[in-house]
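Number of protein chains: 2
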Amino acid sequence: MALDPARVVSQLRELQELTGDENGAQRVAWTETWDTARAWLDGLLSGLPLERERDEAGNDWWTLRGDDDRAVLIGGHIDSVPNGGWLDGALNVVAGAEVLRRIAEGATPPLTVRLVNWADEEGARFGRSLFGSSAASGSMADQDELRELKDRDGVSLPDALAASGVDLDRALEARSQLESAAAYLELHIEQGPVLESMGLPLGAVLGTYGVERWRITWTGQAAHAGSTPMDKRRDALAGAAKLALEIREIAARVGNGAVCTSGGVICKPGIVTSVVETAEQLLDQRHLDASSLAELLDAAQAASWRFAQEENIEVDWERIWSIEPILFDPSLIDLCDEACREVAGVSHRLPSGPLHDAAEVARAGVPTVMIFVQSLRGLSHTKLEDTREEHLELSVQALDRLADATIARVAGG
Amino acid sequence: MALDPARVVSQLRELQELTGDENGAQRVAWTETWDTARAWLDGLLSGLPLERERDEAGNDWWTLRGDDDRAVLIGGHIDSVPNGGWLDGALNVVAGAEVLRRIAEGATPPLTVRLVNWADEEGARFGRSLFGSSAASGSMADQDELRELKDRDGVSLPDALAASGVDLDRALEARSQLESAAAYLELHIEQGPVLESMGLPLGAVLGTYGVERWRITWTGQAAHAGSTPMDKRRDALAGAAKLALEIREIAARVGNGAVCTSGGVICKPGIVTSVVETAEQLLDQRHLDASSLAELLDAAQAASWRFAQEENIEVDWERIWSIEPILFDPSLIDLCDEACREVAGVSHRLPSGPLHDAAEVARAGVPTVMIFVQSLRGLSHTKLEDTREEHLELSVQALDRLADATIARVAGG
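Respectively, the protein sequence lines represent chains P and V. For the first sequence, the tail end lands on 413 under the numbering used here, and the numbers increase by one without skipping. For the second sequence, the tail end lands on 413 under the numbering used here, and the numbers increase by one without skipping.
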């Protein structure tokens, strides 16, 4: 009847044996390997008094009825990217299954407890992530676009879903699953270097960053590298170079975890004998606070206009994508922080750079929190992804404590 | 018997009608259109007491015997890039033909005077420029590589040359042409914005820039744009951005016409969600003074090592190509300056960024100078290339004066 954190680690290794290969995890959603993984996960919970359900979006639910219909949810995803890591996603649901088993083997809980395995968090096959959780949260507004998506073999998303028994037109009916939800808990590897650099195993996640993603085009004038004096040039690369450096100053000024990245610059004509005529620059800015995110963007745009003037070039901004910050529930963050402290002695509050299913659930209004466990070297989405076994075990314990504390808090009103 | 500068302009327009199309000049070396242009040029000199010769490298020579075998050479090239301008190359030889005609119609000159039309200055078909002049100068050391060159249709350079009656194995025998040379004069459009920006029609060229051309590879670490704090990054683009800006400070510090260009940066993985792992940067540095050129390179390399340390990334330098500065003859530069001043009232001394056949002749030890005439908007190698007619006429007059002054100077000892 006791929690067995070490069993979670050996189960994760078993899953990797079953569904991975020498290149890493291969649990890509809407494939046979994913089906194998989902059936294996269900097997972990056999013999327990649980209701099983696959909803209209392909999410799997295991429900332990309690004294009250209000439910505490524990969630994650067993799908992975191709050649992925053994922990991203799978840790969440395997640890969640262990916690659910521990609770189910005890007295009837005061609240209903449910484990959910979200369908297609990664979006690896069709390029659309958070499929199942965005259907359940009701935020899936792009069904017309989804209908047009094809994988690299030309198979359409609706056809692949149908092969797994999911009807895209009915996916949003999964919204009913969250009607009784009183809280949502998710454990995940950090996928970043913060906890490792602080020497900490665990942290409480404050929310997921808001993101501003832009394409910035600088336009100058191609000119011969030999015959054009320096003061006669209109060099598009100069604008991009200044901005690539300036966004770091802006991030430092705004602070509080602000990150700004220029992921690349494409130069044309891009030859050694010509001044650059156009430089197309990628920009990604993230912050947990909406007004700080707006400040990052405003400062970068203002700087770009100043640089354009200084360099006698033009600059044009085109938004690629954006999302607002999604904050987790303050009292659940406190509970999570306590749970981490109880099992590891220390904790740390940090934002999440990547999005997670938890963000979709939080957007739907369900009080939500995540636990992060340290990632070695911050690596993820590669077979090199790893976490120390003792940290994995601590994370299972923390999730267990957090589940108990959340049940008690919600049941106590 | 008088010089007729206006005729040169109308002859150049006639040549463009004969060998160009709506996309510009098409006088690409080792093509039928080039043969047409060469025959047309010969026709300009019909009826004069000249010796005609095509040398072993395909260069055409017209020789007016004087009282002395020592020869003053006037040269240029009638070949163009595809979709090129009406003046690049052709101005030199058509103006030279007019000057030679004027001299030939007068009394026997004290020195021999020769016009040369160099073969394949542009290297447009096979990517190897200065073919004929480098054969005559003896600097053509890459015949094994030349044998392997193919055009876009797969025709080899030796086969194309053979079709024009040139045997690559004998091309270096053209060296004998320079044995009697006492001076070499070449008129060319500037192909840059300097004279136009100063409001000057003509200038005396000091020599051709030395060039250092490098590929610089910055290596950092790919990292997630959302989960990697700013102080944990090793951003390869930061190194490239700093250097792209620093080379401008270095050029300003070294001065005297120094130019430094970063023609492009290729970023990998080059996606919006990742810090840049490798940035491959192109660098081109030029100066007329060899020690200043070395200073440009030293300063850029030292800066790059500093930036690599600051950013905790690596930097690697790989030389693509280099050439030393080639200085023209000081007393011919003085004569050229005087000739420009006589016809235009003002002159200016300036270096040449691009290479020219004149550089090859100077390397062979022949006292050499060039006249530059203003280019509108600095444009060349495009059908938009242009120069005002009054400036073209002034340039023909200046070449004529310079030829007379050079003959007098050499004949006078």
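No lab work stands behind these hints: they were computed from the structure. Hints may be right or wrong, so weigh each one.
As the list claims (entries may be wrong) - Using 27 Å as the maximum straight-line C-alpha spacing, the simulated DSS-like pairs for lysine-lysine come out as follows:
no., chain 1, residue 1, chain 2, residue 2
1, P, K268, P, K232
2, P, K232, V, K383
3, V, K383, P, K268
4, P, K383, V, K232
5, P, K383, V, K383
Stated by the list, open to error - Some chain V residues well away from chain P (every beta-carbon gap over 12 Å; in silico):
no., residue
6, V9
7, L48
8, A141
For clarity, every value in this text was computed on a predicted model and none was experimentally measured. C-beta atoms are modelled at their ideal positions from N, C-alpha and C, and glycine is treated no differently.
- Task: Find the hints from earlier in the document that the structure breaks and name them by number, from lowest to highest.
- Result: 5
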